[in-house]
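Work out the full structure, taking the sequences as your base and the hints as a guide.
This is what each chain is made of:
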Amino acid sequence: MDKKLLFGRIKRSKFFIVGGIGVFFIIILAFTSPLFVSFDGTTSSLMERFTPPEGFSKGLAGHILGTDQLGRDILTRILLGARISLSIAIICVALSAFIGTVLGLIAGYFGGAVDKIIMRTCDVFLSIPSLILAIAIMAVLGTSIINLITVMVISRWVQYARLMRNQVMVIRNKEFVLASKAFGASHWHIMFKQIFVNITTPLIILLSQQIGQMILMESSLSFLNMGIQPPLPSWGSMIANGRSYIASYPWVVVAPGIALMLTVLSFNFLGDGLRDILDPKQK
Amino acid sequence: MGKYILRRLGATIVVLFFATLITFILIRLAPGNPALMMLADSATPEEIAAMEAYLGLDKPVIVQYLIYIAGIFKGDFGTSIMYQRPCIDIILSRLPATALLTFAGCTVGLLVAIPLGVLAGVKQGSMVDLSAMTFALLGQSMATVWLAVLLVLIFSVHLGWLPALGYGTFKHLILPAITIGFPLASQTTRLARSGMVDVLKEDYITSTYAKGISRRQVYTKYAFKNAMLPVITIVGLQIAGYLGGAVVTEQVFSWPGLGALMVSAIGNRDYPLVQSTLLVVAVMVSLVNLIVDIINCLVDRRMTLN
Chain A
36 MDKKLLFGRI KRSKFFIVGG IGVFFIIILA FTSPLFVSFD GTTSSLMERF TPPEGFSKGL
96 AGHILGTDQL GRDILTRILL GARISLSIAI ICVALSAFIG TVLGLIAGYF GGAVDKIIMR
156 TCDVFLSIPS LILAIAIMAV LGTSIINLIT VMVISRWVQY ARLMRNQVMV IRNKEFVLAS
216 KAFGASHWHI MFKQIFVNIT TPLIILLSQQ IGQMILMESS LSFLNMGIQP PLPSWGSMIA
276 NGRSYIASYP WVVVAPGIAL MLTVLSFNFL GDGLRDILDP KQK
Chain B
933 MGKYILRRLG ATIVVLFFAT LITFILIRLA PGNPALMMLA DSATPEEIAA MEAYLGLDKP
993 VIVQYLIYIA GIFKGDFGTS IMYQRPCIDI ILSRLPATAL LTFAGCTVGL LVAIPLGVLA
1053 GVKQGSMVDL SAMTFALLGQ SMATVWLAVL LVLIFSVHLG WLPALGYGTF KHLILPAITI
1113 GFPLASQTTR LARSGMVDVL KEDYITSTYA KGISRRQVYT KYAFKNAMLP VITIVGLQIA
1173 GYLGGAVVTE QVFSWPGLGA LMVSAIGNRD YPLVQSTLLV VAVMVSLVNL IVDIINCLVD
1233 RRMTLN
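Top line first, the protein sequences correspond to chains A and B.
According to the numbering used here, the first sequence holds residues 36 to 318 in order.
According to the numbering used here, the second sequence holds residues 933 to 1238 in order.
Keep in mind that the hints are not guaranteed to be accurate.
Claimed, not checked - Here are the simulated DSBU-like pairs of lysine-lysine, each with C-alpha atoms no more than 35 Å apart in a straight line:
1. B/1153 - A/39
2. B/935 - A/151
3. A/228 - A/38
4. A/49 - B/1133
5. B/1143 - B/1157
6. A/151 - B/991
7. B/1153 - B/935
8. A/46 - B/1055
9. A/38 - B/1133
10. B/1157 - B/935
11. B/1055 - A/38
12. A/228 - A/216
13. A/151 - B/1157
14. B/1055 - A/49
15. B/1103 - B/1157
16. A/209 - B/1133
17. A/38 - A/209
18. A/49 - A/38
19. A/151 - A/216
20. B/1133 - A/46
21. A/228 - A/39
22. A/209 - A/39
23. B/1153 - A/209
24. B/1143 - B/1055
25. B/1133 - B/1153
26. A/228 - A/209
27. B/935 - B/1006
28. B/1157 - A/49
29. B/935 - B/1133
30. A/39 - B/1133
31. A/46 - A/209
32. A/151 - B/1055
33. B/1153 - B/1055
34. A/151 - A/228
Stated by the list, open to error - From chain A, some residues computed to sit far from chain B (all C-beta separations above 10 Å):
35. 38
36. 41
37. 68
38. 80
39. 87
40. 125
Hints are computed from structural coordinates only; laboratory data are not their basis.
From the three backbone atoms N, C-alpha and C, an ideal C-beta is built for every residue, glycine too.
Rendered as structure tokens:
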């Protein structure tokens, strides 16, 4: 795409700019937090239970967002949780996109029986709501980070497969693809070097929109005690564990709740902005 | 049209067949011997063997699967370890709560979303449009957990207007319904808006203007119905999902539905109950999808061409 055109669209897309700045700061904060936090997010200190938020009255040495039911600094836990949640979300999005894209390309390119089998498999996965499927598999596999990633990938690859398959269907009979075939190019070459490179735009848009969804799913699973296990913090489990104390100590859940909302909102803004920029017709 | 419905029905049956395969394999992968779980710790080897025979565990896997399928056709989904009752009875007893919550949540969601989305689509680029889109993005960014806890914090803890959890009265229904309705509303607002925007560009709308029909009539009589087509599909999918149990919402509000049942069954390692809940959910989702497709096909005959 023309660089000038692209740049003009970026400048006009408020969603993209707001989301982009938000995501940038969240990632920087999350991944550089070990450099500046003064507490350990996983060891409890019962003397300091439920310290109310101190703001910046004590500078960076105070409990800026207060402490939780075990006396752990909430800000430190939110930042640590951000690092874990973001890493998991990105890994899951990458893996599910990879699996979904390959299967979608194969289904769309070969068509026929292969297409039918892959698409019916997608239907089966779609017939069970993803969270229900995820907790059922989690129950059988047991809780661990690897299993968490596995279930999130299993329940989300379908979206990519369906999107890619439909995109391939649209362009697989275009002249340049037929020409490659006539030159005797291999299936592999046509699928990845000819077709795939021409359908990356919808994939990028879906990818960016899915990161927020993955964070939400991880928070739900962690809330149900089937995600990230203590003592490692996750925003979902912080809300789950703080829930019993909201009447007296609301900050224990409000802080992770707002962090979760702002993060997902930033990613969603970015995803929507990206869609407006790359594919204005879709708006 | 009849042919299309038959073909969709066939596809649904295939999907359900594979769903049984998935639930069966999943449960075979579960750790531990199911026979041991049904018995007391003091069970003798003879008792264990008898229970294994009773459960059919001594037969080859493929036979076990066929017995499982045959049981499903007879309405026998297995026996819950925890309740010592047929799973299907327990599931059916939880279904009304989930259905009520789904219905209430969707009512809340659609009542907000459709007028808002249509208005935003008609007044594209206006302040209404921008606020509707911001509302939609906000709704999609709210984790169910956070939304539920926030509502409890405001309306139960702070204002004291509504109960924080429980089931039974209309007041108990309000917060869970909003928790389900808000994300649904945000998604539907976007769909209704883009549906409206697309339809208003069509030639037949231009020609209705040319005939001198008022804007209001064009919007309500000509554009609305076609703009709602994508909405029906997605709302159908969402309803199907909620019928499968809004796991987190039910958990937060102690709502005695399918989702909460699933979580407690998992907590108790009651695998037969997990398995049958999963299968019942898959059946419901597939049926709702089928119904949505049939409705779509009745509204828009072009669908049958694909």
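Does the structure keep residue 39 of chain A and residue 1133 of chain B at a Cα separation of 35 Å or less?
28 Å, holds
Run the distance test for residue 1157 of chain B versus residue 49 of chain A: straight-line Cα separation, threshold 35 Å.
32 Å, holds
Given hint residue 1157 of chain B paired with residue 1143 of chain B - CA-CA distance at most 35 Å
OK: residue 1143 of chain B and residue 1157 of chain B at ~19 Å, within 35 Å.
Need the status of pair residue 49 of chain A, residue 38 of chain A: alpha-carbon distance at most 35 Å?
Given that 35 Å is the threshold and the Cα spacing comes to 18 Å, the pair holds.
Take the C-alpha atoms of residue 228 of chain A and residue 209 of chain A, compute the straight-line distance between them, and say whether it is at most 35 Å.
At roughly 14 Å apart (the allowed maximum being 35 Å), residue 209 of chain A and residue 228 of chain A satisfy the hint.
Is it the case that residue 80 of chain A keeps its Cβ farther than 10 Å from each residue Cβ in chain B?
25 Å, holds
Non-interface claim for residue 87 of chain A, where every Cβ of chain B lies beyond 10 Å
16 Å, holds
Keeping to a limit of 35 Å between CA atoms, is the pair of residue 46 of chain A and residue 1055 of chain B held or broken?
This hinted pair holds, its Cα atoms lying about 23 Å apart.
With a cut-off of 35 Å on the C-alpha distance, tell me whether residue 935 of chain B and residue 151 of chain A pass.
19 Å, holds
Is the Cα-Cα distance between residue 1153 of chain B and residue 39 of chain A 35 Å or less?
Roughly 43 Å separates the two Cα atoms, so the pair is violated.
Hint consistency between residue 1055 of chain B and residue 49 of chain A [alpha-carbon to alpha-carbon, up to 35 Å]
19 Å, holds
Against chain B, does residue 125 of chain A keep a CB gap of more than 10 Å to every residue?
17 Å, holds
Of the hints listed earlier, those the structure fails to meet are numbers 1, 23 and 32, in rising order.
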